[in-house]
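*Asks:* Here is how the chains run, residue by residue.
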Amino acid sequence: MSFLTIEDVTYSYRGKNPVLHNVNWGMNKGEFHCLIGKSGCGKTTLLKLAAGLLQTDKGRIHLEGSEVVKPSPDCGFVFQSPTLLEWKTVMDNVLLPISLKRKLTEEDRTQALELLELVGLASFSDRYPLQLSGGQQSRAAIVRALVQRPSLLFMDEPFAALDAITRDELQDDLLRMCRRYNMTVLFITHDISEAVYLADMVGVMSEGEMVYQSKVELEQPRRMEMRYDSYFNELCYTLRQVMGGKPS
Amino acid sequence: MNKMPLFSFLLLILLLGIWEMAAGTMSELVLPAPSVIGSALWEGMVSGYFTPHIIRTASEVLLGLLFGGGLGFFIGILMGEVTFLRKLLSPYIIASQAVPKLALAPLFILWFGFGMTSKVVITALVCFFPLLENTITAIRSSDKQKQELFRMLGASRLQTLVHLKIPAGLPGILAGLRVSVVLAVVGAVVGEFIGGSQGLGALIIASQGMMDTPLMFATIILLTGMGIILYLVISLFEKRWTKAYKKEN
Chain U
1 MSFLTIEDVT YSYRGKNPVL HNVNWGMNKG EFHCLIGKSG CGKTTLLKLA AGLLQTDKGR
61 IHLEGSEVVK PSPDCGFVFQ SPTLLEWKTV MDNVLLPISL KRKLTEEDRT QALELLELVG
121 LASFSDRYPL QLSGGQQSRA AIVRALVQRP SLLFMDEPFA ALDAITRDEL QDDLLRMCRR
181 YNMTVLFITH DISEAVYLAD MVGVMSEGEM VYQSKVELEQ PRRMEMRYDS YFNELCYTLR
241 QVMGGKPS
Chain L
1001 MNKMPLFSFL LLILLLGIWE MAAGTMSELV LPAPSVIGSA LWEGMVSGYF TPHIIRTASE
1061 VLLGLLFGGG LGFFIGILMG EVTFLRKLLS PYIIASQAVP KLALAPLFIL WFGFGMTSKV
1121 VITALVCFFP LLENTITAIR SSDKQKQELF RMLGASRLQT LVHLKIPAGL PGILAGLRVS
1181 VVLAVVGAVV GEFIGGSQGL GALIIASQGM MDTPLMFATI ILLTGMGIIL YLVISLFEKR
1241 WTKAYKKEN
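Protein chains in written order, with my numbering: chain U, 1 to 248; chain L, 1001 to 1249.
Errors might be hidden in some of the hints.
Stated by the list, open to error - Think about it this way: if two alpha-carbon atoms lie no more than 30 Å apart in a straight line, the pair counts; the simulated DSSO-like pairs of lysine-lysine are: (1) 1144/L to 58/U; (2) 101/U to 1243/L; (3) 1239/L to 88/U.
None of these hints come from the bench; they were simulated from the model. Since we're looking at a predicted model, the values are computed, not measured.
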């Protein structure tokens, strides 16, 4: 039995044309899956359904055997924009998930600082989000999602607004943390090479349907050179063709 | 650019000079000279003549702000949060916005008497609407992704309000408060015009009766000062709130 199962899910916004059509997907614990597709293909909707932020019209979504009807405290979500609260320091932002549930302890702070250290933000912990660069804001948002040690992490194009070099660095940071905490990740992107670099499994969505899926046979941990080897590029090319349009 | 405050100050001196000269050619009853007004103001302050009036008007303004602004803020939050309430009440809010609220002052004097209550009610009514509208808008315009984040974190409605919607909307809410503060002074003064023997508004009417134009000008200066102080207090608070997290530059 897989960790997260999506069965025959159909969804439409306010009874209009369905955004998703009988989508199926399964993930095992500890896997990193990427879903790619053009804008408007329904990938973000699928992610929100899986996270419990939306309810399915038809079909079921199970997380560890129990049906997802509302956001689970065991899941983290990283949004397209960093969604940090501008009036709180980086540290308070990172601790937000905990402070909403109970009183903070000294241990929480040490733990948060450790996580910030992993992404090189420890010295920025008492700064405010607007005083950070875009990449640093994204890192802080990821740390916030990880502070509760979720078993499943949903990510909705978190690096889309970053420059290429920063994006590469963040991808490595993310992979390192996932390995460290043995996390399961469902990651949405429109960037094919990002998907191939990050994922164990890539799914392609088009017009509300899952049209293709492929395992990525690259060894762990990923290294920068892999982005330029032939297997990587062939896989990117295949996925590009599946996504349609003229390959460029 | 640093010299601009100096230029503004020089302009004030220039205008006062022109006024002083113009006043020399006219009766004091029509246009008293700045020097005459200044001495009237000084004497009134030193002798303590103004003190009870200032206290009276200031307390009307502050109480009115507290009740009117507080209620506006509270109802604004309710209407921003509860769609049913907003849809139910918004026609009434729009209708009552159109009522010239100061025109109700005589009615409130009739209802609440010549004491302080009627002035506080008028002031509160004037302060209520700017805060109400700005609060509704501020509460409703908080970022959708951040709201989803709070849902994801399992935050209750109250937590989302306290930790997200109110702090995120604070700049808008404070802008409403700034408008309210200035209107509050107007509300209190108009209330005192109509009925009352104490307060700076009553003093203006009294000085008109006594044909003491310098006193009238001195009172107006006091009222202006009061408005400026209140406005500055709010601006200061606004700056401190936003400056903390703005980009360093």
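*Asks:* Against this structure, judge whether each hint is valid.
*Replies:* Structure-based check of all given hints:
Between residue 1144/L and residue 58/U the CA atoms are separated by roughly 25 Å; this keeps the pair inside 30 Å, and the hint holds. Proposed proximity of residue 101/U and residue 1243/L is supported: the alpha carbons are some 29 Å apart, at most 30 Å. Between residue 1239/L and residue 88/U, the direct Cα distance comes to roughly 16 Å. Compliance with the 30 Å bound is thereby established for this hinted pair.
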